[in-house]
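Going line by line, the protein sequences match chains A and B. Going by my numbering, the first residue of the first sequence is number 22, and it counts up by one from there. Going by my numbering, the first residue of the second sequence is number 22, and it counts up by one from there.
These aren't lab readings, by the way, just hints derived from the structure by calculation. Small disclaimer: the values here were computed from a predicted structure and weren't measured. C-beta: ideal position from N, C-alpha, C; glycine also. Don't take every hint at face value.
Using 20 Å as the maximum straight-line C-alpha spacing, the simulated PhoX-like pairs for lysine-lysine come out as follows [to be verified]:
| id | chain 1 | residue 1 | chain 2 | residue 2 |
| --- | --- | --- | --- | --- |
| 1 | A | Lys-202 | B | Lys-72 |
| 2 | B | Lys-169 | B | Lys-262 |
| 3 | B | Lys-169 | A | Lys-169 |
Some chain B residues well away from chain A (every beta-carbon gap over 12 Å; in silico) [to be verified]:
| id | residue |
| --- | --- |
| 4 | Glu-50 |
| 5 | Ala-55 |
| 6 | Thr-57 |
| 7 | Asn-84 |
| 8 | Asp-118 |
| 9 | Ala-158 |
| 10 | Trp-215 |
| 11 | Glu-222 |
| 12 | Glu-263 |
Number of protein chains: 2
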Amino acid sequence: MKNVLFKHRSIRKFRPTPIPEEVLGNCLEAATRASTCGNMQLYSLVVTRDKALRERLAPCHFNQPMVVQAPCVVTVCADVHRFTMWCRQRGADPAYDNFAWFLNAATDALLAAQNFCVQAEMHGLGICYLGTTLYTAAEIARILELPKGVIPLTTVVAGYPDETPEAADRLPLEAVVHYEKYTDYTEAEIDELWAEREESELTHRLLEENGLDNLAKVFTERRYVRSDNLAVSEAYFALLKEQGFFNK
Amino acid sequence: MKNVLFKHRSIRKFRPTPIPEEVLGNCLEAATRASTCGNMQLYSLVVTRDKALRERLAPCHFNQPMVVQAPCVVTVCADVHRFTMWCRQRGADPAYDNFAWFLNAATDALLAAQNFCVQAEMHGLGICYLGTTLYTAAEIARILELPKGVIPLTTVVAGYPDETPEAADRLPLEAVVHYEKYTDYTEAEIDELWAEREESELTHRLLEENGLDNLAKVFTERRYVRSDNLAVSEAYFALLKEQGFFNK
Numbered sequence: 022m023k024n025v026l027f028k029h030r031s032i033r034k035f036r037p038t039p040i041p042e043e044v045l046g047n048c049l050e051a052a053t054r055a056s057t058c059g060n061m062q063l064y065s066l067v068v069t070r071d072k073a074l075r076e077r078l079a080p081c082h083f084n085q086p087m088v089v090q091a092p093c094v095v096t097v098c099a100d101v102h103r104f105t106m107w108c109r110q111r112g113a114d115p116a117y118d119n120f121a122w123f124l125n126a127a128t129d130a131l132l133a134a135q136n137f138c139v140q141a142e143m144h145g146l147g148i149c150y151l152g153t154t155l156y157t158a159a160e161i162a163r164i165l166e167l168p169k170g171v172i173p174l175t176t177v178v179a180g181y182p183d184e185t186p187e188a189a190d191r192l193p194l195e196a197v198v199h200y201e202k203y204t205d206y207t208e209a210e211i212d213e214l215w216a217e218r219e220e221s222e223l224t225h226r227l228l229e230e231n232g233l234d235n236l237a238k239v240f241t242e243r244r245y246v247r248s249d250n251l252a253v254s255e256a257y258f259a260l261l262k263e264q265g266f267f268n269k
Numbered sequence: 022m023k024n025v026l027f028k029h030r031s032i033r034k035f036r037p038t039p040i041p042e043e044v045l046g047n048c049l050e051a052a053t054r055a056s057t058c059g060n061m062q063l064y065s066l067v068v069t070r071d072k073a074l075r076e077r078l079a080p081c082h083f084n085q086p087m088v089v090q091a092p093c094v095v096t097v098c099a100d101v102h103r104f105t106m107w108c109r110q111r112g113a114d115p116a117y118d119n120f121a122w123f124l125n126a127a128t129d130a131l132l133a134a135q136n137f138c139v140q141a142e143m144h145g146l147g148i149c150y151l152g153t154t155l156y157t158a159a160e161i162a163r164i165l166e167l168p169k170g171v172i173p174l175t176t177v178v179a180g181y182p183d184e185t186p187e188a189a190d191r192l193p194l195e196a197v198v199h200y201e202k203y204t205d206y207t208e209a210e211i212d213e214l215w216a217e218r219e220e221s222e223l224t225h226r227l228l229e230e231n232g233l234d235n236l237a238k239v240f241t242e243r244r245y246v247r248s249d250n251l252a253v254s255e256a257y258f259a260l261l262k263e264q265g266f267f268n269k
């Protein structure tokens, strides 16, 4: 069954056409149908369509043009704030300001986000997740005025595609699936799993552009380098505490 | 467009019929089509069908019968181990043993899991996520022999449904969606958002069963109580360090 899920491509160029209200509403409704921990819906979706505000968000996403170009930017947040407010108003004693509930809320939020994306693609929209959200989560939280108990996890840009890219290649299925238990990889298996990608035209182009001798180094020396990774880890963990997800 | 996403119900009773190999394979393929950080596919799906092994996993899920009843139990894991092995074999310097990359890997894993579930439901299968995974992640990691760099996030049981439950109710859409920026809730709004649920028959039954005077207390005093929440937070954070996701 090669359906909508198999047609997914990340879209990075959008037409300016706005998303009709009823289409957007339907995608957001679809998001809420995803499974959620104890039916608590521990997430918020901040839908930014105002251009001036998208322009303020753009630097948080390293000025990738799609943040301004796409008519709709959805910041996906873990949210224990709303549920906590409700508990307090009922004289109950909420204890969701901790790491376990960050994880529950993040799970809720990401399942909802993926439903949003699948439904958007069913409507002919294109989407792209922005991993940059983790890099600049504190600044995004400031711009979007997120209260304590709410923290950004990822961002989805959505709109009508202005490009028709090829689907991204993936590792062979056996790379990510283990039967019964986890079976650790041998060196030879790792070589085999990456062989096709390492020989691809895209890889050859990347190596030439970057002046590097293998694809792994494109990741470790260009895209996701040690010092950035550690800085992001530290900053996000600090924000987690600041937003009240790590109280004892 | 009221499609498969709107038909989702969590299924907790399954027929023993196994999932045909090609159907399961197709759902797993669909999982890999989800967006992934830098196309790194930082997740593993551990598919446990062996009954003896599912029986060993059952206590980790508080002996919910579906873990033994459903023919297929998928433990969804964040995985930076495979990518790190590849980098090392290429003489590259991987730095994915930190919190930022736990978050990237968790995002990858959960988007893939949701694609798996959507595709499973397209095939007429039923699914249920097991939040118990976070409670007993260390024991699950032991049973499934997860190496460093791999950590369980959630579990999906899948199989042919032996029940046809109603769809769960959800809060009104405006509860979880914010336009432009986050708009904090007034007390009156919180009351309004929960009003329908608080008046439902299900709520009345729960209050009677639990001898409590409001629904919020069912959550805080019965389902997810402070001491458990803090214990899970501490245990999972310790496991995160043990599995090498919090190295400096």
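Just double-check Trp-215/B for me: nearest Cβ-Cβ distance to chain A has to come out over 12 Å.
-> Contrary to the label, Trp-215/B does not stay out of reach of chain A, its closest Cβ about 6 Å off (not over 12 Å).
Would the pair Lys-169/B and Lys-262/B pass a check requiring their Cα atoms to be no farther apart than 20 Å?
-> Holds, at roughly 10 Å.
Say whether it holds or is violated: Thr-57/B keeps its Cβ farther than 12 Å from all Cβ of chain A.
-> At roughly 8 Å from the nearest Cβ of chain A, Thr-57/B sits no farther out than 12 Å, so the non-interface label is violated.
Should the label of Asp-118/B as a non-interface residue stand, given a Cβ cut-off of 12 Å to chain A?
-> About 9 Å separates Asp-118/B from the closest Cβ of chain A, which leaves it inside 12 Å; violated.
Does Ala-158/B really sit off the interface, with its C-beta more than 12 Å from all C-beta atoms of chain A?
-> violated (10 Å)
Grab the minimum beta-carbon distance between Glu-50/B and chain A and tell me whether it stays above 12 Å.
-> violated (6 Å)
Non-interface claim for Glu-263/B: all C-beta distances to chain A beyond 12 Å?
-> holds (15 Å)
Does the structure keep Lys-169/B and Lys-169/A at a Cα separation of 20 Å or less?
-> The hint is violated at about 33 Å.
Checking the smallest CB distance to chain A, is Asn-84/B really beyond 12 Å?
-> Non-interface label on Asn-84/B holds, nearest chain A Cβ at 18 Å vs cutoff 12 Å.
For the pair supplied as a hint, Lys-202/A and Lys-72/B, is the alpha-carbon distance within the 20 Å limit?
-> holds (13 Å)
Looking at Glu-222/B again, its CB stays over 12 Å from all of chain A?
-> Correct as stated: the minimum Cβ-Cβ distance to chain A is 15 Å, above 12 Å.
Can we trust that Ala-55/B is non-interface, i.e. its beta-carbon lies farther than 12 Å from all of chain A?
-> violated (7 Å)
In summary, the structure is inconsistent with hints 3, 4, 5, 6, 8, 9, 10 from the numbered list given earlier, while agreeing with the others.
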